[in-house]
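Participant: What follows is each chain in one-letter form.
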Amino acid sequence: MKSQNRRSFLRASTAITAAATGLTPTTAHAGPKNLLSPDRLGVLVDTTVCIGCRHCEWACKTAHDLDTPPLETYEDRTPFEKMRRPDDTALTVVNAFASPARPDLPTTVKVQCMHCDHPACVSACIVGAISKQKDGAVLWDTDTCIGCRYCMVACPFQIPAFEYGKALQPDIMKCDFCTDRRTEGKLPACVESCPVEALTFGPREELVRVAREKIRRAPERYVDHILGEHEVGGTSWMYLADRPFGELAFPKLSDRPAPGVSESIQHGIFAYFVPPVSLYALLGAVMWTSRQRAADEEEHS
Amino acid sequence: MSHSMRPQPLDRKFVTPGVLVLLLLAANGLVWLGGRFLFGLGAVTNLSNQYPWGIWIGIDVAAGVALAAGGFTTAALGHVMHRAQYHAVVRPALLTALLGYTMVAIGVSIDIGRYYYIWHPLIMWNGSSALFEVGICVMIYMTVLYIEFLPVVTERFIGRVNLPGALARLNTPLDRLLRLLDRTLDRTMFVFIIAGVVLSTLHQSSLGTLMVIAGQKMHPLWQTPILPLLFLLSAVAVGFPMVIFESLLAARSFGLKPEMPILGRLGRMVAPLLGIYLAFKLGDLFVRETFVYLKTVSVVSVMYVIEMLFGIVIPLRMFMTPAVQKSPGLLFTAATLVVGGVLLNRVNNFIVAYTPPYATHPYVPSVGEISVTVGFIAILVLLYRAAVIFFPVISLPDRSLTPASKYSVRG
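Protein chains in written order, with the working numbering: chain A, 1 to 301; chain B, 1001 to 1411.
Worth double-checking, as some hints may not be accurate.
To be verified - Ranges between beta-carbon positions, derived for each pair: (1) A:Glu298 x B:Leu1030: 28 to 34 Å; (2) B:Tyr1146 x A:Gln169: 42 to 48 Å; (3) B:Glu1289 x A:Glu220: 35 to 41 Å.
Unchecked claim - Non-contacting residues of chain A with respect to chain B, defined by C-beta distances greater than 12 Å in every case (computed): (4) Gln158; (5) Arg217; (6) Pro219.
Claimed, not checked - Some chain B residues well away from chain A (every beta-carbon gap over 10 Å; in silico): (7) Met1005; (8) Met1081; (9) Leu1131; (10) Arg1187; (11) Val1198; (12) Pro1220; (13) Leu1380; (14) Ala1387; (15) Ile1389.
If you are wondering where the hints come from, they were derived from the structure by calculation, not from laboratory data.
Virtual Cβ for every residue (Gly too), placed ideally from N, Cα, C.
Please take these sequences and the hints and turn them into a complete structure.
Facilitator: In structure tokens, the structure reads:
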């Protein structure tokens, strides 16, 4: 009788555990969905307009008090000879890609944090030091960060950089969407400095409309694709180009938010702490019954 | 027979030629570590914006946690399932887990850029972060491990408290305190033992979730939504081999008779556990059709095959052979293969598989990184040696009950 009870109890516990783990929220939304304001801002980068003057690089460094060479030195085009990435000394860089149609006129592409709508870095950060703001910016908080660099592992665009040379208080460095400048009523430094208006700053929804209109009016000028409209669930920065984005060194990404799978697993394992608590109860039952059995055996022997 | 075995402090000298070598390795590691604290991570490591995590995370932390799994698997077997015949291996496994997790905690602290903020996750929570879950679970589990080890400390000192000089007055109250602690722990230990097992299953699996968010930056041979399950299964599978590995190693090092009957029985349980892990690994390979990546010879495909063949298939076959369970040499070989296989799996997951989109060069650990990791392992072995000499951890034949000649000590 006793063993019968034990078995049925075990079965019940297992069923509870299985049910609880099975309750994986399939509709789990990645990122702080409630924070996504319809008025959130963004920037549209038209790579067919960009002339590769790199004034945005200069303006960005100046605005963020980074070591900035004089503006004249940016006329030098040798940096285009190799691919560069944003790092702790430059939060944005411009790369050049040879154009098959116009060998004399390479396509130049500005790179910086995309300010995802469902950022992997925000989901990953162990202490919640990175947050998606109402205005669209993805911001990093220096007072919270412990420097674990999990955001760098998580970012699908390989953007956050770390100050490896600092023994104390190394920072995570990435584009902050010029939040300080914008609170003063100014434009982001790169947008303001662009002499050809390759960068358009405004509400993201508006930018999507503008981009669609551009493609509709000049279908021969653009590929019919706004990079960032849907990639990884949408980004605040979006791009237009004259050729597939894979040829411009953009990673091929799905439309699903980058933290989606990870968060579903995480919330599944911890669904209201039911699975861990059930496991605890199950193990407690096993321990109790096996001790009883051992005691019984000792009695009988 | 198990009744005549009792954990006792080992009567051995601490310093041997081998210990001197370990001390040198430890010192070398600490010197490099000093460089990291003086000049930053970039000065000592080959970490970069492309490869933010290296062997300090892949080996010291990820593999460290996995190889400390002997602690919770033997606790589950010995205490939860109450198999008294395995009690002799529970304490050494507990000590290994305790030291292992302590090293993991130190390993994390030195790898993070702002080590002085290591306490932040305690009050700054992010429930969606797998790393947060791992961090919190490891912190709590480490506390549980220290609590589980307390009875060993009380056992060592009850009736033996003998403070020098003026402190001698405290002897009696301290002894009473130890006895009180011992009684309380005896009644409440089951709470901690079960908590230890639950916490282990949680963070062993979440350690797998860690790399899921890296998405396509991780090679498809390893990137799978069932990573947490694979990490948990491999941790469970490596628990007993790790106990066998260290028990035979300790027996050799201290000149003790290997506890073959217990280890052989543990070995018999490895095959099914390893078999389940292999089944899920192969299932994943075929369901996601990632076997196509094995058709070309590359670093990833070779590493994957080594991991599967030498880490799982060969030891699985060995553990299924009765002869292996009786021979210390073969048992040690099989256990070492499993331990190496899981170590390689963690390195593969965290380092080899990690191929960021804009990588210009592969990550190779620096001399400094290797020195620190080797130094930590040396310190771990030294602490283990010191602990088993000082505390009653390793079970020896109880001389008061059995004739000494029956369990003669080798060497």
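Participant: Now, for every hint given, state plainly whether the structure supports it.
Facilitator: Here is what the structure says about each hint:
Restraint check, glutamate 298 (chain A) to leucine 1030 (chain B): a C-beta distance of roughly 51 Å breaks the suggested window 28 to 34 Å. Between tyrosine 1146 (chain B) and glutamine 169 (chain A) the beta carbon distance is about 31 Å. The supplied range of 42 to 48 Å is therefore violated. Our hint of 35 to 41 Å for glutamate 1289 (chain B) and glutamate 220 (chain A) holds, since their Cβ atoms are close to 39 Å apart. With a minimum CB-CB distance of about 5 Å to chain B, glutamine 158 (chain A) fails to clear the 12 Å threshold, and the non-interface call is violated.
Listed as a non-interface residue, arginine 217 (chain A) keeps its Cβ farther than 12 Å from every Cβ of chain B; the least gap is roughly 32 Å. No beta-carbon of chain B comes within 12 Å of the beta-carbon of proline 219 (chain A); the shortest separation is about 29 Å. Annotated as non-interface, methionine 1005 (chain B) keeps its C-beta farther than 10 Å from every C-beta of chain A; the closest such distance is 18 Å. Residue placement check: methionine 1081 (chain B) does not keep its beta carbon more than 10 Å from all beta carbons of chain A (closest about 5 Å).
The beta carbon of leucine 1131 (chain B) sits about 4 Å from the closest Cβ of chain A, which is not more than 10 Å, so the claim that it is off the interface is violated. With a closest Cβ-Cβ approach of about 14 Å to chain A, arginine 1187 (chain B) is found to remain outside the 10 Å limit, as its non-interface label requires. Its beta-carbon lying about 5 Å from the closest one in chain A, valine 1198 (chain B) breaks the requirement of being farther than 10 Å from that chain. Once the 10 Å rule is applied to beta carbons, proline 1220 (chain B) is consistent with being away from chain A; the minimum gap is 13 Å.
Taking the minimum C-beta to C-beta distance to chain A, about 23 Å, the non-interface status of leucine 1380 (chain B) holds against the 10 Å cut. Separation of alanine 1387 (chain B) from chain A is adequate, the least Cβ-Cβ distance of about 27 Å exceeding the 10 Å criterion. Separation of isoleucine 1389 (chain B) from chain A is adequate, the least Cβ-Cβ distance of about 32 Å exceeding the 10 Å criterion.
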